[in-house]
Amino acid sequence: GEDVEQSLFLSVREGDSSVINCTYTDSSSTYLYWYKQEPGAGLQLLTYIFSNMDMKQDQRLTVLLNKKDKHLSLRIADTQTGDSAIYFCAEIAPMEYGNKLVFGAGTILRVKS
Amino acid sequence: DTGVSQDPRHKITKRGQNVTFRCDPISEHNRLYWYRQTLGQGPEFLTYFQNEAQLEKSRLLSDRFSAERPKGSFSTLEIQRTEQGDSAMYLCASSLVWGGPSTDTQYFGPGTRLTVL
Chain A
1 GEDVEQSLFL
11 SVREGDSSVI
21 NCTYTDSSST
31 YLYWYKQEPG
41 AGLQLLTYIF
51 SNMDMKQDQR
61 LTVLLNKKDK
71 HLSLRIADTQ
81 TGDSAIYFCA
91 EIAPMEYGNK
101 LVFGAGTILR
111 VKS
Chain B
1001 DTGVSQDPRH
1011 KITKRGQNVT
1021 FRCDPISEHN
1031 RLYWYRQTLG
1041 QGPEFLTYFQ
1051 NEAQLEKSRL
1061 LSDRFSAERP
1071 KGSFSTLEIQ
1081 RTEQGDSAMY
1091 LCASSLVWGG
1101 PSTDTQYFGP
1111 GTRLTVL
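Those protein sequence lines, which keep their order, are chains A and B. Just so it is clear: in the first sequence, position 15 is 15 by my numbering, and no numbers are missing. Count along the second sequence from 1, add 1000, and you get the number used in my numbering.
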């Protein structure tokens, strides 16, 4: 079955880089996603990566994928206080008639000014 | 705003009452999903529609839960005889998939937070 694991908490200083790590189990996953959730809010899609890519960069965000180790990371450059939130890694898991997302428990990012 | 919307944002109810939530997906999206998120956890899949057809249901979806998408646009999720364990955030997401390879990227609404007293 699918399982996604993340570290629970990360604290960084404003201006530093943040790296949030994730491991997944389903080697057949074609897409992997990063979502951001602020307190009391829904999930905001940040970025995704296709499984045949090693890296994807989108402004301050860099996603690295090590398919052999089933390891995904999200790097946020020049972290700001507005980046404080919970970050979820998710893999897409096929069902008989569609796809569902399987999420990790989330990493709380705290940015200190 | 053309994102996914959900109503109500918050619902407080007493145990045993029925509740209904509504989700309006992004207008051209043909797939609609319901997830449940409890405190400290990531969202868990409940059910999925392609157009008006409910094609998948999780084992998490007990008989007290029912979902509809009557015209392939908005969807409702009803919980009958609510229990304290139903307290959670209920999230709706939508995506657009038309044959062939696709990311099936899911966009989420703000959620409905349910508290059962």
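Hints in this document: simulated from the structure, not taken from any laboratory. From the three backbone atoms N, C-alpha and C, an ideal C-beta is built for every residue, glycine too. Wrong hints could be hidden among the right ones.
[Said to hold, decoys possible] Taking CB as the label site, the calculated pair distances span:
#: 1; chain 1: B; residue 1: S1073; chain 2: A; residue 2: E96; range: 21 to 31 Å
#: 2; chain 1: A; residue 1: A105; chain 2: B; residue 2: P1008; range: 42 to 52 Å
#: 3; chain 1: A; residue 1: E38; chain 2: B; residue 2: L1096; range: 36 to 46 Å
#: 4; chain 1: B; residue 1: L1055; chain 2: A; residue 2: S27; range: 33 to 43 Å
#: 5; chain 1: A; residue 1: G82; chain 2: B; residue 2: G1003; range: 35 to 45 Å
#: 6; chain 1: B; residue 1: Q1041; chain 2: A; residue 2: T81; range: 39 to 49 Å
#: 7; chain 1: A; residue 1: P39; chain 2: B; residue 2: T1105; range: 22 to 32 Å
#: 8; chain 1: B; residue 1: P1008; chain 2: A; residue 2: E38; range: 17 to 27 Å
#: 9; chain 1: A; residue 1: K56; chain 2: B; residue 2: S1066; range: 35 to 45 Å
#: 10; chain 1: B; residue 1: N1030; chain 2: A; residue 2: S51; range: 18 to 28 Å
#: 11; chain 1: A; residue 1: E14; chain 2: B; residue 2: G1072; range: 20 to 30 Å
[Unchecked claim] Computed cross-link-like contacts, EDC-like style, restricted to lysine to aspartate or glutamate with a CA-CA straight-line distance of at most 20 Å:
#: 12; chain 1: B; residue 1: K1014; chain 2: B; residue 2: E1052
#: 13; chain 1: A; residue 1: K68; chain 2: A; residue 2: D78
#: 14; chain 1: B; residue 1: K1011; chain 2: B; residue 2: D1086
#: 15; chain 1: B; residue 1: K1057; chain 2: A; residue 2: D54
#: 16; chain 1: A; residue 1: K36; chain 2: B; residue 2: D1104
#: 17; chain 1: B; residue 1: K1011; chain 2: A; residue 2: D54
#: 18; chain 1: A; residue 1: K56; chain 2: B; residue 2: D1063
#: 19; chain 1: B; residue 1: K1014; chain 2: A; residue 2: D69
[Said to hold, decoys possible] Interface residues of chain A toward chain B, partial, derived using beta-carbon atoms under 8 Å:
#: 20; residue: F9
#: 21; residue: P39
#: 22; residue: A41
#: 23; residue: L45
#: 24; residue: Y48
#: 25; residue: G82
#: 26; residue: M95
#: 27; residue: A105
Consistency of the hints with the structure:
no., hint, verdict
1, B:S1073 / A:E96: 21 to 31 Å, "holds (24 Å)"
2, A:A105 / B:P1008: 42 to 52 Å, "violated (26 Å)"
3, A:E38 / B:L1096: 36 to 46 Å, "violated (25 Å)"
4, B:L1055 / A:S27: 33 to 43 Å, "violated (25 Å)"
5, A:G82 / B:G1003: 35 to 45 Å, "violated (19 Å)"
6, B:Q1041 / A:T81: 39 to 49 Å, "violated (25 Å)"
7, A:P39 / B:T1105: 22 to 32 Å, "holds (24 Å)"
8, B:P1008 / A:E38: 17 to 27 Å, "holds (19 Å)"
9, A:K56 / B:S1066: 35 to 45 Å, "holds (39 Å)"
10, B:N1030 / A:S51: 18 to 28 Å, "holds (24 Å)"
11, A:E14 / B:G1072: 20 to 30 Å, "violated (46 Å)"
12, B:K1014 / B:E1052, "violated (31 Å)"
13, A:K68 / A:D78, "violated (29 Å)"
14, B:K1011 / B:D1086, "holds (12 Å)"
15, B:K1057 / A:D54, "violated (33 Å)"
16, A:K36 / B:D1104, "holds (18 Å)"
17, B:K1011 / A:D54, "violated (43 Å)"
18, A:K56 / B:D1063, "violated (42 Å)"
19, B:K1014 / A:D69, "violated (47 Å)"
20, F9, "violated (12 Å)"
21, P39, "violated (11 Å)"
22, A41, "holds (6 Å)"
23, L45, "holds (6 Å)"
24, Y48, "holds (6 Å)"
25, G82, "violated (18 Å)"
26, M95, "holds (5 Å)"
27, A105, "holds (5 Å)"
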